[in-house]
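Student: So the chains spell out like this:
Number of protein chains: 2
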Amino acid sequence: MTKANSNYDKLPQTYLFVEIAKRTAAYQAKNPKVKIMRLGIGNTTEPLGPIVTKGLVGGAKKLEDVNTYSGYGDEQGDNRLRSALAAWYQKLGVKLEPGEIFVSDGAKPDTANIESIFDKREVIAICDPVYPVYRDSNIIAGRKIVYLACTDKNEFFPELPKEKVGLVYLCSPNNPTGAVASRAQLKKFVDWANKNKAVIIFDAAYSFFVSDKKLPRSIYEIPGAKRCAIEISSFSKFAGFCGVRLGWTVVPHELGKLNALWNRRQTTMFNGASNIAQEGGLAALSPAGQKECLKTVSYYMENAKIIKNGLVRLGLVVFGGENAPYLWVKTPKGLDSWSFFDKLLSEAHVVGTPGAGFGKYGEGYFRLSAFGHRADIVAAVESIKKNLML
Amino acid sequence: MTKANSNYDKLPQTYLFVEIAKRTAAYQAKNPKVKIMRLGIGNTTEPLGPIVTKGLVGGAKKLEDVNTYSGYGDEQGDNRLRSALAAWYQKLGVKLEPGEIFVSDGAKPDTANIESIFDKREVIAICDPVYPVYRDSNIIAGRKIVYLACTDKNEFFPELPKEKVGLVYLCSPNNPTGAVASRAQLKKFVDWANKNKAVIIFDAAYSFFVSDKKLPRSIYEIPGAKRCAIEISSFSKFAGFCGVRLGWTVVPHELGKLNALWNRRQTTMFNGASNIAQEGGLAALSPAGQKECLKTVSYYMENAKIIKNGLVRLGLVVFGGENAPYLWVKTPKGLDSWSFFDKLLSEAHVVGTPGAGFGKYGEGYFRLSAFGHRADIVAAVESIKKNLML
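If you're matching them up, the sequences are chains X and H in order. Adding 637 to a residue's 1-based position in the first sequence gives its number in the numbering used here. Adding 637 to a residue's 1-based position in the second sequence gives its number in the numbering used here.
So here's chain X without its partners, still in its complex pose (with noise of 0.2 Å):
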C-alpha cells in the first residue's frame, strides 16, 4: 500500500474541543432545562455592517455583468488591495511596497504553510501555551520543535530561545492568553533575530484589538523587522470574516529570495483569494469601513472588559482582555484547568476552554473569548457571579 506521511501520527489528538463537546452535551443531558452559555469560542458573532457588506455584494454582482465579471486574478491578490493595506500599514509608519504583501484566505493557512520554504531541518521554536496550528505544521513537515514557556513570571512573553533555531513563531496580541507584546519585548526578539539570522514569524492576526498607542500593531513598527521578520495577518477578526475567508502575509524585500519563495509558494499551490471576498475587504480599508470595523472590534472590547470586571470583582485573576479579546483567568485554588471546566459548566453553566488544551504550561488557566452578542456575555458574567462557588 502506499506509505501515509507518518509525520501525521506524531500529530497530538486534537481532544480538546471534542472533549469540550462531549463533556458539555452529557451535562446537558442530566440537566436538559439548564441553559447552558459559552465563552470559550473564537468566532465572530456580530453581522457585518452596510459598507462591507455593500462591498461584498458589490463583489458578486460584478460577476453578472459581461463587462465587470472576472475569472482568475493574481494569486498574489488584486494590487488594489495590496495597495490598500500598504497604505494601511503606512499610518503605522511602516513602508512597504505592494510586493511584499500577499493576499490570502487567511491567516490560519499562511501560518500554517509558511514552513514550506524553509529547510525542514531548521529547527522552530513556539511559545507555550500556544495556537497548535504552529506546532502541528511543522510536526506534519517532520521539524523539530522547541518549546518557550510563557507564565506569569515573564508576562506571557517568551524569553529568547536558548537553542540554536531558525523560526520563531510570535503571535501578539496572543491566542491564548491575550498578552500583548510591548515594543521592548518585540525588540528583544527582533534584536536576536537579527544577531542569529533566524526569521520570526509574526502572527498579527488581532491586532486591530489593540486600542493603546504605545503598544506595536505591527512587528515593523520595531526598526530592523523587516530584516528578519515575516508577518501574517487577517480580516477575520477586524472586519467579520471568519466565515468569509480573508487574510494576508508581508514578506519583505529586505529577507531577500524569501519573497520570491512564498510568490513561487503561492502562485503554485494556491490560486488567489475569492473576488468577493476581496472585494469585501477593500470595502473594509475604505476609510468609512474601517470605521464601521472598528465599531464591532470595540464591541468586543466592551464585552471583555464586562468579563473582567466581573471575575476580578469575584476576587478571580485575570490577565488579558485589554487590548485583545482573549481573557486569560488563573483557575482559583491550584485547581487544575479540566476541573474547573467542570466547575464553571456545572455551578454558572458556561463553558470556556482550558488552558491545559493549548500546551503544558496552560494547565492552571482557562481562556475565556469576548466573542458573543453581548446579552449573553452579560448573562454568563451574572451567571458566574452568582453561582461559582469560590
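Simulated from the structure, these hints should not be mistaken for lab results.
Heads up, the list lumps identical chains together, so a pair's fine if it works in one copy or across two of them.
Pairs of lysine-lysine residues, derived as DSSO-like cross-links and limited to a Cα-Cα distance of at most 27 Å, are as follows:
1) K640 / K824
2) K832 / K640
3) K790 / K851
4) K801 / K640
5) K894 / K647
6) K894 / K640
Computed from a prediction, not measured in an experiment: that's the story for all the values here.
Fit chain H to the given chain X structure using the hints.
Tutor: Frame of chain X; chain H shown alone:
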C-alpha cells in the same frame, strides 16, 4: 541564515506565460495598430446567470443580519453543500457519503496539497504533457517523479507505469490535451492500482464538459475505484467560479486512513471555503442552477466547435475540443511549438500556448482554449483562416 527549502531551486522556471507575455508585448510594440486576439487562456469569461448570482449575493447578505451571520464554518465544508455534492454523484450512479467529500477553495490547492498525506519516499507518476501543479508540488516535497508520455500514438492517455510508483495523477478531460479517458482506459489504471496497492489522484475539474454519455465523468463510475482513487473537482469551470474559489476532494472511506489524514490536513492547515462561495455552490447545484451553468458550458463548447471546424478546414490536425474545453493542435510542417507561436502571432495576430510549455511530449503541439467571448473566438478563427500561411 535560516536555510530555505532547497527543493524550490529544483523547480523548472515557469517562463511559459512570462515568455508568452514578453513575445506578445514585443510584437504589439512593433505593430501598435494590430488587435491581438487570445485563444490561449484557460480562464472563464462569461458572466454568471441570475440563479447563481442570487446565491452569492444571498450569501453576502446573510452576513449583514444578526440572525443569519456566520463566522467559521466546518473546515470540511457546509454539510448542505457536502450533501448536495453527494446527491450530484448519485445521479452518475456513484454512492458517496457527505463525510467522504471535502469542500475546498478549488481544485488547484487540493491537487497541490494532497501530497502532504503521503510518505515523501513514494515515487509519483504524472503525464507528459501535464498541468504543472502536480509536478511542482511534488518537487517542492522532494519526491521522485516518473513521467508517462501522452502522444497521438496512445490517444494522449498514458501506458501503465513500468517503475514501482505509489501515486499516479490522472486528469480527464485533460488539460492541456483535451483528451477524455474512456471507461476502458480508466479501468486499466484502476485495476493496476488495486493490484499494485497504489493510489490514483484523479483531477476531474473539467468533468462538466463531458456530454457524451459513454464517457465517465467521475473515476468512481469505474468498479473498484473507491478502493484506490481520490477525486478532485471544481466549480471553477462548471459554475464560472475561477475567481470565486470553490472546489472539492473526495476521499472514500474505502481508502482507509487516508480519509482521516486528509481530514486532519484540512482541519489543521485550512479554514474552510468562503461561506459566500458555498452559498453560490449550493445555488449552482440546484436543478435550475445546474441548467443555468450547463448553458454556459455549452456556450464554451460551441466555441470549441467553431475553433476546431475552422482549423480542420485549413488542414490542421486538431485533437480535443469535444467533451473538453481545450484543443491540442499539431503544429504544421513539423514546426516546433514556439515557432508556431511566433507564426500565429505575426500572421494571424492570435496568441495561444506552446505545447512544449507543458512537458517535452508537448513539443510539436499547441494548446488553444475555448474560453472567450463568441465574437472574439469567431474573429480569431476568421483571422487564422484568412491570414495564416500554411
